[in-house]
Amino acid sequence: MATADAVQALQERFPDLGIEPRPLMRYLNGKPSDQLWVRVPADRLLEVLTFLRDDERTKFEALADLGGIDYLNYPDAEDRFAVIYNLLSHTHGHRLWVKVFVNDPDPEIPSATSVWKGAEWPEREVFDMFGIRFPGHPDLRRILMPQNFVDYPLRKDYPLHGKGEREAFEVLTRDSA
Amino acid sequence: MSPVSYDLNRADVRPDEIQEDRWTLNFGPQHPATHTTLRLVLEVEGERIVGCTPDIGFLHSGFEKLAEHLDYNQYVVVTDRMNYVSPIANNIAWHAACEKLLGIEITPRCKAIRTICAELARIQDHLVCAACTGLDLGGLTAFLYGFNARETIYDLFEALTGARFTVSYTRVGGLAQDIPPGWVEKARDFVRNVLPPALKDVEALLLRNRIFIERVKGVGVISHDDAINWSLTGPIARGSGVRRDLRKDEPYLCYEDDWDRQGADAVEFKVPVAYGGDVLSRFLVRLEECRQSASIIEQMLERIPAGPINVLADEKTTLPSKREIYFSIEGVIHHFQKIMTNRGLEPPVGEAYAANETANGELGFFLASDGGRAAYRARCRPPSFINYQVFPAAIVGHQISDVPAVLNSLNIIAAELDR
Chain Z
0 MATADAVQAL QERFPDLGIE PRPLMRYLNG KPSDQLWVRV PADRLLEVLT
50 FLRDDERTKF EALADLGGID YLNYPDAEDR FAVIYNLLSH THGHRLWVKV
100 FVNDPDPEIP SATSVWKGAE WPEREVFDMF GIRFPGHPDL RRILMPQNFV
150 DYPLRKDYPL HGKGEREAFE VLTRDSA
Chain V
0 MSPVSYDLNR ADVRPDEIQE DRWTLNFGPQ HPATHTTLRL VLEVEGERIV
50 GCTPDIGFLH SGFEKLAEHL DYNQYVVVTD RMNYVSPIAN NIAWHAACEK
100 LLGIEITPRC KAIRTICAEL ARIQDHLVCA ACTGLDLGGL TAFLYGFNAR
150 ETIYDLFEAL TGARFTVSYT RVGGLAQDIP PGWVEKARDF VRNVLPPALK
200 DVEALLLRNR IFIERVKGVG VISHDDAINW SLTGPIARGS GVRRDLRKDE
250 PYLCYEDDWD RQGADAVEFK VPVAYGGDVL SRFLVRLEEC RQSASIIEQM
300 LERIPAGPIN VLADEKTTLP SKREIYFSIE GVIHHFQKIM TNRGLEPPVG
350 EAYAANETAN GELGFFLASD GGRAAYRARC RPPSFINYQV FPAAIVGHQI
400 SDVPAVLNSL NIIAAELDR
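Residue numbers (numbering that gives the first Met the number 0), protein chains in the order written: chain Z, 0 to 176; chain V, 0 to 418.
Calculated directly from the structure, the hints in this document are not laboratory data.
It cannot be assumed that every hint is accurate.
Covered stretches of chain Z (in silico footprint by chain V; criterion: 3 or more residues with CB under 8 Å from a CB of chain V, positions within the stretch not fixed) [to be verified]: (1) 54-63; (2) 68-74; (3) 79-89; (4) 101-108; (5) 119-127; (6) 144-154.
Quantities reported herein were computed from a predicted structural model and do not represent experimental measurements.
C-beta atoms are modelled at their ideal positions from N, C-alpha and C, and glycine is treated no differently.
Just chain V, with the same shape it has in the complex (with noise of 0.2 Å):
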């Protein structure tokens, strides 16, 4: 397939010179349809797809510039504006990798807490994008029972950071706040009697559906060993059925065993796989990992441990309680040590690879340090960039109206796409 040319105006949408019906159809970037700012350059022939070249950048923030100039706490700021769809996730990740940078083991508390957030965010995100498949493809009460669920999980991050929607919930070797009074139960009570139904009834809306099961099922299958070649990771390497989660696979936080470094077994949960490859399986994976990340939580829940969040503040490599800063002249002077542009946390020179499996993939960063205060250089590896190259391959062949059903499923989230 030859790229298709760029410059492309209204007036080119022409019949090809050669074969008649064959046409040039934008898609996007300002469409309903692609969620964000993606332009798609469909090459049709009557309604099929021929050709398809993504055209994305529209959202350049360049990141990963940024994370040469702000230091380690600074940066988490720019991760929430990631993937945000699931923000906290993304500071976990970010600090996994600066923590595996300044060889930092946090406490079994953090982990903990870590852990429980790292679920909510994967719940958030599986019920926007399966919410979202019944949307795309003409259903919106499903859309709208999925939202109304997500909206609890706002609620308990507000609770818990004091932001709804850009968290910047953690620290290097911690976090900004303990969990506030209540809100366990709080959270108990969505796993329990908010989450399930809202699965209940976007399950029962969509997969009783004869429309919704024939435009799924079939449509934009990724084989098997595609998926490995193209890199794929997360619900969409599991929809084609590659077993591999990196919670079971390189395990971290609370999904390793011996967490709490006392003989804690690792958290009990499933990965589901399916093997149909096509929209169907990839919306099934991401239901039952919503049900799974709900039986982690209430797990977990149960299993807070008591202690500190943040690892101790005479190692000098997190920041120290308000408490410490307003009412000690040590904790002033170490606050102090930390946040002056001339000084702050200073890892050994060399390179660090963490990555976290987030609701979209393997979410890692890769920071090379030469000894300064900001990473020389912070790689990230966003899985919506890597999910989203298939795309061409899953779409040709496909009808027009299969696009907002195959964009949806691999869940792009523009802001990290790019980057």
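So that you can see chain Z by itself, here it is in the shape it has in the complex (with noise of 0.2 Å):
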């Protein structure tokens, strides 16, 4: 069974997203790439998510991946960041990738923790690197920096040197620590 007629299904079963299934990519001799992305609002995401997990014409059974994106100067960009969801179908073998766009201020999807386990650690992530919220999730902290620090390092705002963080950084000495 392709990834169409996983999409198909899902437009049957909401029709009043209006969910239309686009190529991530076209390449310049106008070929589409084989791998379809929808689009997704973040409030009714956890219900599009479970009916793709369990319906037997999709059955998307794991979350291969789960990545963040800041699209601040992308070309034709309409909203700034977005949460990627990569599925993977162990049935049928087939994959489609769901984006989730936020903006600023408080951007906020809800986890996905509750339909796949493995979202757990990269939701922390996403949480980490660009400041968008899973409300929902067993435990979001930061997983790869300092607890104590403040900015989102994978925004497109945030300069590649870091904002002085290293100089900022306590030093334990022998006597001190």
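Assembling the complex is the task here: the two chains are given apart, and the hints tell you how they should meet.
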């Protein structure tokens, strides 16, 4: 069963969302790539993901990957942040990318940990790197950066060399430790 | 389980006020059994673990941020440093994603060489992991046999790329250089005469050892459904009975039929699956995968097609060969067009995802391009990071001495884990 069938099943179940599959890439010769993505609003996300996991035609049992992206300077971008869910079906062997767009201030997306346990650390990472909050997450803390870090390093307005955090680190000596 | 406080110092390791024998124990980050800098905060009752909170990020190097500032050829150097146990597999996965973004199909010779390298990397990674399973449980001898065989792979990579460790071998649309004379024979000697005795030694030392078996059997069990729900891939998922291997399910390189576009068959191999879900199952899957990889290498060494290793220079999607640069004006112009900071490879606006089956599981890159010379966003799907989140669930209920065994069977590479 191809990804297009899964998208069709999604469209039939959620006609009000106006879901329309788009290729991730259109090459210079006009050919689209074989990878499809759909846009889902944040407030209906869990409903959609649960349907995609359980329905016979879709059966996306696994969340292969989850990652954030900051479309600040991206050509023709309307929204600032997106979280991209890379869904994988073990039964049918197909993949689908689901994008959820959110904006400043207070970007929030319901947590997918209730659908797939594997979303736990990737969501913490998105929170750490982009500052997108996931209400419903069991343990939403920074995962890679120090707990007292204040910025979100993978946002496009954060410079490559940091904002001087490196210099501000407390230095422990043998006497003070 | 409530998260454990992270502000932990030695004075805090004390009996719990309510339950007399509940303690908090700090494991790592500097501990020989964690291999690299991992930290675990364990809650223990006597010797039994009742709670575990991993604390990661000590080796965070921000490689996704770096990818937004380095171009598609430069970044291969950073991918060497992700999973440094099998760096060449990362090179191949990165450029597979770049080529998907650019819409390039690489030449048959390049595909064959990349397949051989990817399988050598798998053997390299599995040998370390399988041998270290012995080391972590107190059997140093098995470790040395495994490392001895791995040394030959480093020699092969040195002859191929000029570097033993950080190889940086692939380029967009091809490879840095072709295989040197005599390399095929050396590689064949490795898979025929060096690897099989090493695997046999490791197996004989460990699998017939009652102490080893009792310490790995039934330890760190991950069920089939859990493995899928936790997004596990690679030998860990296959050790839990999940029959999935990207080489079979989403074939690429020479795992695909008709890979040379002239009707060549895909390489033949079996995907080993074990159903125990424990440390032993994962160990057995890794050993068998080594044998399957050796058979793939042997098949491919016979079948390396003649022809160029890079896609045609006229298409301007690859770096020209050094010969062209030094001896023709067009070559110099082409070279400058690709490496100067205001030029470069400029893929169309769009996104692409490509994943390879590496030793630890699915290593994927999600690339977004805004038409510039560097990726707008390069999300890496690191198998170590995704696989490690199952660790607390797998270790709870076991004893402290089981921590190294389970940790090792997940084969965590901290540089990749800490991103």
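Now for the hints, and whether the structure bears them out:
1. Check on the segment 54-63 of chain Z: 4 of its residues sit with their Cβ under 8 Å from a Cβ of chain V, so the three-residue criterion for coverage holds.
2. Counting residues of the segment 68-74 of chain Z whose CB lies closer than 8 Å to any CB of chain V gives 5, so the stated coverage by that chain holds, three being the minimum.
3. With 3 residues having a beta carbon nearer than 8 Å to a beta carbon of chain V, the segment 79-89 of chain Z meets the requirement of three or more and the stated coverage holds.
4. Coverage of the segment 101-108 of chain Z by chain V is violated. Counting CB-CB distances below 8 Å, 0 residues qualify, and the rule asks for three or more.
5. Only when three residues or more bring their CB closer than 8 Å to a CB of chain V does the claim for the segment 119-127 of chain Z stand; here the count is 4, and the claim holds.
6. Check result for the segment 144-154 of chain Z against chain V: holds, 5 residues qualifying (beta carbon to beta carbon below 8 Å, three or more required).
Hint compliance for this structure: hint 4 is the single one not met.
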